[in-house]
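A.B. asks: Protein chains in written order, with full-length UniProt numbering: chain A, 1 to 317; chain B, 1 to 334.
If you're looking for bench data, these hints aren't it; they were derived computationally from the structure.
Heads up, some of the hints might be wrong.
What the hints assert, rightly or not - Below, computed lysine to any residue pairings styled on SDA-like, alpha-carbon distance capped at 25 Å:
#: 1; chain 1: A; residue 1: K200; chain 2: A; residue 2: E153
#: 2; chain 1: A; residue 1: K213; chain 2: B; residue 2: I183
#: 3; chain 1: A; residue 1: K250; chain 2: B; residue 2: K206
#: 4; chain 1: B; residue 1: K306; chain 2: A; residue 2: E153
#: 5; chain 1: B; residue 1: K114; chain 2: A; residue 2: W126
#: 6; chain 1: B; residue 1: K306; chain 2: B; residue 2: C214
#: 7; chain 1: B; residue 1: K58; chain 2: A; residue 2: W126
#: 8; chain 1: A; residue 1: K250; chain 2: B; residue 2: E227
#: 9; chain 1: A; residue 1: K248; chain 2: B; residue 2: E313
#: 10; chain 1: B; residue 1: K58; chain 2: A; residue 2: N116
#: 11; chain 1: A; residue 1: K200; chain 2: B; residue 2: F318
#: 12; chain 1: A; residue 1: K248; chain 2: B; residue 2: K329
#: 13; chain 1: A; residue 1: K200; chain 2: B; residue 2: V265
#: 14; chain 1: B; residue 1: K114; chain 2: B; residue 2: K142
#: 15; chain 1: B; residue 1: K128; chain 2: A; residue 2: N116
#: 16; chain 1: A; residue 1: K200; chain 2: B; residue 2: Y237
#: 17; chain 1: B; residue 1: K329; chain 2: A; residue 2: G113
#: 18; chain 1: B; residue 1: K142; chain 2: A; residue 2: V129
#: 19; chain 1: B; residue 1: K114; chain 2: A; residue 2: A273
#: 20; chain 1: A; residue 1: K213; chain 2: B; residue 2: K261
#: 21; chain 1: B; residue 1: K114; chain 2: A; residue 2: K98
#: 22; chain 1: A; residue 1: K154; chain 2: B; residue 2: K306
#: 23; chain 1: A; residue 1: K223; chain 2: B; residue 2: H151
#: 24; chain 1: A; residue 1: K98; chain 2: A; residue 2: I77
#: 25; chain 1: B; residue 1: K206; chain 2: A; residue 2: I77
#: 26; chain 1: A; residue 1: K223; chain 2: B; residue 2: K306
#: 27; chain 1: A; residue 1: K213; chain 2: B; residue 2: V221
Just so we're clear, the structure is a prediction, and the values are computed from it rather than from any experiment.
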Amino acid sequence: MFMAELAARKHVQFILSKAKEKDSYESVLMEHIRLNGAYWGLTTLDLLGKLDTVDVNEVVSEVLQCQHESGGFGGNIGHDPHILYTLSAVQVLALFDKVDVLDTEKVANYVAGLQNEDGSFSGDMWGEVDTRFSYIAICCLALLHHLDKINVEKAVYYILSCKNHDGGFGCTPGGESHAGQIFCCVGALAITGSLHCIDKDLLGWWLCERQVKAGGLNGRPEKLPDVCYSWWVLSSLIMIDRVHWINKEKLAKFILDCQDIENGGISDRPDDACDAYHTYFGVAGLSLLEYPGVKPIDPAYALPVDVVNRIILGIKE
Amino acid sequence: MSSSSSSDEERRWVPLRSRPEFSDVIPVEQDDGPNPVVPITYKEEFRETMDYFRALYKADERSLRALHLTSEAIQFNPGNYTVWHFRRLVLEALNHDLHDELALTEHIARGNSKNYQLWHHRRWVAEKLGTSATTEELRFTKNILSIDAKHYHAWSHRQWVLQALGGWEDELDYCQQLLEEDIFNNSAWNQRYFVITRSPFLGGLKAMRESEVCYTLNGIVARPENESSWRYLRGLYKDDNSSWVNNPQISSVCLEILNAKTNCVFALSTLLDLISHGFQPSQEFTDAVDALRISDSEQRDSDVAKAACFVLESVDPFRANYWQWYKNKHFQNA
Numbered sequence: 001m002f003m004a005e006l007a008a009r010k011h012v013q014f015i016l017s018k019a020k021e022k023d024s025y026e027s028v029l030m031e032h033i034r035l036n037g038a039y040w041g042l043t044t045l046d047l048l049g050k051l052d053t054v055d056v057n058e059v060v061s062e063v064l065q066c067q068h069e070s071g072g073f074g075g076n077i078g079h080d081p082h083i084l085y086t087l088s089a090v091q092v093l094a095l096f097d098k099v100d101v102l103d104t105e106k107v108a109n110y111v112a113g114l115q116n117e118d119g120s121f122s123g124d125m126w127g128e129v130d131t132r133f134s135y136i137a138i139c140c141l142a143l144l145h146h147l148d149k150i151n152v153e154k155a156v157y158y159i160l161s162c163k164n165h166d167g168g169f170g171c172t173p174g175g176e177s178h179a180g181q182i183f184c185c186v187g188a189l190a191i192t193g194s195l196h197c198i199d200k201d202l203l204g205w206w207l208c209e210r211q212v213k214a215g216g217l218n219g220r221p222e223k224l225p226d227v228c229y230s231w232w233v234l235s236s237l238i239m240i241d242r243v244h245w246i247n248k249e250k251l252a253k254f255i256l257d258c259q260d261i262e263n264g265g266i267s268d269r270p271d272d273a274c275d276a277y278h279t280y281f282g283v284a285g286l287s288l289l290e291y292p293g294v295k296p297i298d299p300a301y302a303l304p305v306d307v308v309n310r311i312i313l314g315i316k317e
Numbered sequence: 001m002s003s004s005s006s007s008d009e010e011r012r013w014v015p016l017r018s019r020p021e022f023s024d025v026i027p028v029e030q031d032d033g034p035n036p037v038v039p040i041t042y043k044e045e046f047r048e049t050m051d052y053f054r055a056l057y058k059a060d061e062r063s064l065r066a067l068h069l070t071s072e073a074i075q076f077n078p079g080n081y082t083v084w085h086f087r088r089l090v091l092e093a094l095n096h097d098l099h100d101e102l103a104l105t106e107h108i109a110r111g112n113s114k115n116y117q118l119w120h121h122r123r124w125v126a127e128k129l130g131t132s133a134t135t136e137e138l139r140f141t142k143n144i145l146s147i148d149a150k151h152y153h154a155w156s157h158r159q160w161v162l163q164a165l166g167g168w169e170d171e172l173d174y175c176q177q178l179l180e181e182d183i184f185n186n187s188a189w190n191q192r193y194f195v196i197t198r199s200p201f202l203g204g205l206k207a208m209r210e211s212e213v214c215y216t217l218n219g220i221v222a223r224p225e226n227e228s229s230w231r232y233l234r235g236l237y238k239d240d241n242s243s244w245v246n247n248p249q250i251s252s253v254c255l256e257i258l259n260a261k262t263n264c265v266f267a268l269s270t271l272l273d274l275i276s277h278g279f280q281p282s283q284e285f286t287d288a289v290d291a292l293r294i295s296d297s298e299q300r301d302s303d304v305a306k307a308a309c310f311v312l313e314s315v316d317p318f319r320a321n322y323w324q325w326y327k328n329k330h331f332q333n334a
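Using the sequences and the hints, build the whole thing.
C.D. replies: Encoded structure:
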């Protein structure tokens with residue numbers, strides 16, 4: 001099935017070099033999302049079987065320093081807490097089986113405190129509402145075994161209020177269907193056992209229409225394909241059991257064509273500049289396509305399957 | 001993204017350590033955690049600005065100089081949400097004129113408008129200004145959409161403005177104008193649906209259906225390969241399959257496009273949708289679908305729905321499995 005080859009060793013080097021690179025202007029601009037970066041990089045390493053190249057204690061200590069007294073995490077040390085980085089912190093600790101270093105109750109209270117009366121979630125104390133935050137809250141609380149702290153029924157109801165006539169989901173009610181938001185909504189519905197609330201056939205057709213002639217996937221009609229949608233679209237299709245409706249070989253080829261074979265890394269489209277974000281989504285996409293040598297990833301939790309089994313099912317390897 | 005977007009300002013930039021109003025501040029460097037692997041050599045001006053910002057932020061100093069400093073820090077890195085947060089605290093404490101914020105966000109948007117913080121700040125300001133901000137917010141989003149007509153943040157903000165502050169009156173005309181510029185603009189179709197279903201002035205989906213069907217069918221005939229217009233058409237009959245099946249305009253537009261023999265995917269899928277909901281196709285449909293077979297060797301079927309699925313499997317090969325599934329699900333016993 002796979003014509004080209006994944007330059008796994010190069011990608012590992014690329015990720016490790018990105019983690020050390022703190023003096024570039026680009027890395028300074030990323031300073032406030034350092035925890036997101038840690039999640040992308042470390043999950044990539046784990047999928048490629050190289051998580052052991054990282055010093056666990058160093059990572060855990062850095063993550064914990066980003067925690068705010070409210071229980072939430074900032075994107076870096078000294079930055080304000082936000083739900084986005086709180087999930088990244090929990091996911092990173094989950095990779096290393098270190099969630100127990102947290103006062104999980106406190107973190108869960110921070111997240112649960114962001115639920116609004118209508119069931120939606122704000123990103124932080126400033127009140128921005130988005131279905132992205134619904135997913136983040138639900139995923140985070142499930143990983144912490146504290147879903148009972150929120151009104152799940154209302155949370156699901158709000159997500160369903162963002163469903164459009166084309167079967168997709170937007171960021172708020174009436175917002176345009178977008179593959180990234182669809183992942184968030186379908187992921188949250190999957191985790192809460194509510195997938196029966198969506199029209200899988202209609203959504204599945206919209207999602208499989210996202211595959212363009214080049215083999216890649218776009219996020220909305222008439223937009224360019226981008227490797228990141230290999231994750232958002234593909235994971236959604238898997239969660240609703242419709243992944244066989246796209247051409248998987250062509251998609252795998254598109255992702256592999258976006259690799260920098262010499263220096264490692266994956267870009268949004270062939271021949272563009274590589275970054276950690278697209279490298280993660282490319283590798284995660286190949287994982288969903290069952291590419292040999294890449295660990296399987298869970299489409300809802302966005303963590304390796306063995307990590308999810310350990311946390312959710314209590315299965316230790 | 002950075003100060004380079006305004007070269008004049010960069011030339012005039014005075015280091016904070018040389019400014020008398022900051023002489024009492026002791027800058028605080030970014031703590032990069034234990035064992036930073038490489039010492040940071042940030043671009044000097046940015047680094048210094050952030051060091052002074054950290055000092056004022058740590059001291060929770062809600063002053064005019066703090067406000068000015070956040071403005072500089074934001075221009076260096078508009079993605080840093082903590083700076084925006086602190087700015088709002090300062091604005092509240094000083095009871096500062098919020099109209100300045102509109103200019104700041106517009107300036108930042110000129111550099112990079114795909115930034116969650118910028119839009120969130122803008123909404124916070126508009127919420128405080130109330131209905132007096134309506135016209136300005138509609139103008140601002142229109143301006144961004146004139147550069148990128150599918151800008152997700154701008155559309156979100158615009159939808160919020162309409163619902164929270166009003167200004168629905170010209171929105172349908174605006175959608176029309178954008179669709180005249182680019183009929184493939186899915187965001188404009190989405191906004192059109194938003195307007196006809198939610199505007200307090202139009203009477204809702206059912207009241208708008210007839211005129212919207214005419215408008216959409218014209219657009220479909222002009223560009224039958226347009227996924228967005230077909231989906232919009234179907235959306236007009238959400239939860240009302242019997243009206244969908246019984247409008248003869250729709251099946252006749254399908255037939256017209258099938259007979260033209262190009263870009264038939266959505267016409268075929270719509271025909272299948274109609275049949276699966278009870279539409280009885282005439283012989284004309286059977287003939288039109290039969291004429292679409294690429295070669296005689298292709299599978300044919302006396303049942304028009306199955307025949308349409310076979311055609312789709314060959315003209316839309318990426319989604320062959322979908323069309324196969326569709327055939328088996330709906331027309332197995334036909």
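A.B. asks: Now look at each hint and say whether the structure bears it out.
C.D. replies: Now for the hints, and whether the structure bears them out:
no., hint, in the structure
1, K200(A) x E153(A), "20 Å, holds"
2, K213(A) x I183(B), "21 Å, holds"
3, K250(A) x K206(B), "42 Å, violated"
4, K306(B) x E153(A), "41 Å, violated"
5, K114(B) x W126(A), "19 Å, holds"
6, K306(B) x C214(B), "29 Å, violated"
7, K58(B) x W126(A), "19 Å, holds"
8, K250(A) x E227(B), "21 Å, holds"
9, K248(A) x E313(B), "16 Å, holds"
10, K58(B) x N116(A), "29 Å, violated"
11, K200(A) x F318(B), "19 Å, holds"
12, K248(A) x K329(B), "22 Å, holds"
13, K200(A) x V265(B), "21 Å, holds"
14, K114(B) x K142(B), "15 Å, holds"
15, K128(B) x N116(A), "20 Å, holds"
16, K200(A) x Y237(B), "19 Å, holds"
17, K329(B) x G113(A), "45 Å, violated"
18, K142(B) x V129(A), "22 Å, holds"
19, K114(B) x A273(A), "19 Å, holds"
20, K213(A) x K261(B), "20 Å, holds"
21, K114(B) x K98(A), "35 Å, violated"
22, K154(A) x K306(B), "42 Å, violated"
23, K223(A) x H151(B), "11 Å, holds"
24, K98(A) x I77(A), "19 Å, holds"
25, K206(B) x I77(A), "54 Å, violated"
26, K223(A) x K306(B), "32 Å, violated"
27, K213(A) x V221(B), "23 Å, holds"
Checked against the numbered hints given earlier, the structure breaks hints 3, 4, 6, 10, 17, 21, 22, 25, 26 and satisfies all the rest.
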